[in-house]
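Q: The listed protein sequences correspond, in order, to chains A and B.
Taking my numbering, the leading residue of the first sequence gets 1228, the next gets one more, and so forth.
Taking my numbering, the leading residue of the second sequence gets 14, the next gets one more, and so forth.
Check before you lean on any hint, since a few could be wrong.
Claimed, not checked - Pairs of lysine-lysine residues, derived as DSS-like cross-links and limited to a Cα-Cα distance of at most 30 Å, are as follows:
id, chain 1, residue 1, chain 2, residue 2
1, B, Lys-26, A, Lys-1342
2, B, Lys-27, B, Lys-76
3, B, Lys-72, B, Lys-26
4, B, Lys-31, B, Lys-76
5, B, Lys-72, B, Lys-17
6, B, Lys-26, B, Lys-76
7, A, Lys-1342, B, Lys-72
8, B, Lys-17, B, Lys-31
9, B, Lys-31, B, Lys-72
10, B, Lys-27, B, Lys-72
11, B, Lys-27, A, Lys-1342
12, A, Lys-1342, B, Lys-31
What the hints assert, rightly or not - Selected chain A positions facing chain B (Cβ under 10 Å, derived; list incomplete):
id, residue
13, Glu-1296
14, Ala-1299
15, Glu-1310
16, Asn-1312
17, Phe-1314
18, Asp-1326
19, Ser-1346
20, Leu-1349
21, Asp-1365
22, Gln-1368
23, Arg-1369
24, Val-1370
By construction, these hints were calculated from the structure, which means they are not laboratory data.
Think of the CB as a built atom: it goes at the ideal place given N, C-alpha and C, for glycine as much as any other residue.
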Amino acid sequence: MMTAIQQFPQPTSLDAASGPPEDRAGSSESEPEVIYAIHFPLPREILLGSVMDRRLRVTDAMRVLLSTEDTADGTKVIAEAPEINEFGFGENISEAIGDLQRAIVQLFFELEEQKERLSEDLRSVLEVLRRKLRRYDDQGQRV
Amino acid sequence: MTIKASEFDRIVKKLNLKTRRGRDLHAWFEHEGRVIVRTRRSFCSGDLPMQHSIRQQLKLTEKELRALIDCTLDLAGYIAILRRLGLL
């Protein structure tokens, strides 16, 4: 099990006389506001237990690897599901996981739609998805 | 490593990939009526991260992907690669 470590970096703007808000009862209102940022390091791996789609429920959590990648538009967070060779990315971990969830849903229905003519490789991806996801109809009945 | 959206689109055109526009651009390679590989890209116009994942989805090495982008690898060459990998 991975442990997230909280890091409390030095405030970005803090003069010697000021401190956290509760210590500054007498300080003037013109002093710059101190922002305490809490940075949680990106976990390297998580288990994905939902794809946020009412038609599909995850019955066996998917392993997701998290990393960052520098692009011309800035650093992106990457979420990869190696078991199905799918990925998502975004500005932060939530966006990356959301992107991956949507990609998984799309992949599942796309492969189901074309199941009769899939290569062995893609058929094995569909098999993994079928093992890990349970399908429901609009009335909430299992398909 | 990143891949530019325009490079991805060049691959789509060169390999004659079938596409579907949704939230992302989904692309797949068909051969003799079978769907062999698939990949996707977001609609952002700049650099796409996850070049290695796109490459893996297309079953290419880094060198082969570069050759595909640089136009030294063509459709026939790609088919030969897939055949060598036992995917066709």
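Q: Are the hints correct? Go through all of them and say.
A: Hint check results:
1. Between Lys-26(B) and Lys-1342(A) the CA atoms are separated by roughly 24 Å; this keeps the pair inside 30 Å, and the hint holds.
2. Using a Cα cut-off of 30 Å, the hinted pair Lys-27(B) and Lys-76(B) holds, with the two alpha carbons roughly 17 Å apart.
3. Distance check on the hinted pair: Lys-72(B) and Lys-26(B) sit about 17 Å apart at the alpha-carbon level, within 30 Å; holds.
4. Taking the CA atoms of Lys-31(B) and Lys-76(B), the gap is about 24 Å. The hint holds against a cut of 30 Å.
5. Only pairs whose Cα atoms come within 30 Å are accepted, and Lys-72(B) paired with Lys-17(B) is accepted, the gap being roughly 18 Å.
6. Under the criterion of a C-alpha separation no larger than 30 Å, the hint pairing Lys-26(B) with Lys-76(B) is consistent with the structure, at around 19 Å.
7. Of the supplied pair hints, the one linking Lys-1342(A) and Lys-72(B) holds, its CA atoms being roughly 20 Å apart against a limit of 30 Å.
8. Only pairs whose Cα atoms come within 30 Å are accepted, and Lys-17(B) paired with Lys-31(B) is accepted, the gap being roughly 19 Å.
9. Of the supplied pair hints, the one linking Lys-31(B) and Lys-72(B) holds, its CA atoms being roughly 17 Å apart against a limit of 30 Å.
10. Using a Cα cut-off of 30 Å, the hinted pair Lys-27(B) and Lys-72(B) holds, with the two alpha carbons roughly 16 Å apart.
11. With a CA separation close to 25 Å, the supplied pair Lys-27(B) and Lys-1342(A) stays within the 30 Å bound.
12. The suggested pairing of Lys-1342(A) with Lys-31(B) holds, with an alpha-carbon distance near 16 Å, which does not exceed 30 Å.
13. Contact between Glu-1296(A) and chain B, as hinted, is supported at the beta carbon level, the nearest pair being about 4 Å apart and thus within 10 Å.
14. Taking 10 Å as the C-beta contact cut-off toward chain B, the hint placing Ala-1299(A) at the interface holds, the least distance being around 5 Å.
15. The interface hint given for Glu-1310(A) is violated, since its Cβ lies 13 Å from the closest Cβ of chain B, which is over the 10 Å cut-off.
16. Taking 10 Å as the C-beta cut-off, the interface hint given for Asn-1312(A) holds, the closest approach to chain B being about 6 Å.
17. With a least beta-carbon distance of about 4 Å to chain B, the hint placing Phe-1314(A) at the interface is held under the 10 Å criterion.
18. Proximity of Asp-1326(A) to chain B holds as hinted, the smallest CB-CB distance being about 8 Å (cut-off 10 Å).
19. A hinted interface residue such as Ser-1346(A) counts as satisfied when its beta carbon comes closer than 10 Å to some beta carbon of chain B; here the least separation is about 5 Å, so the hint holds.
20. Below 10 Å, beta-carbon pairs count as interface contacts, and Leu-1349(A) has one with chain B at about 6 Å; its hint therefore holds.
21. Because the closest C-beta pair between Asp-1365(A) and chain B is about 20 Å apart, greater than 10 Å, the hint is violated.
22. Nearest Cβ of chain B to the Cβ of Gln-1368(A): about 26 Å, over the 10 Å cut. The hint is violated.
23. The criterion of a C-beta within 10 Å of any C-beta in chain B is not met by Arg-1369(A), whose closest approach is roughly 26 Å, and the hint is violated.
24. Hint status for Val-1370(A): violated, given a least beta-carbon distance of 22 Å to chain B, over 10 Å.
Hints 15, 21, 22, 23 and 24 from the earlier list are contradicted by this structure; the remaining hints agree with it.
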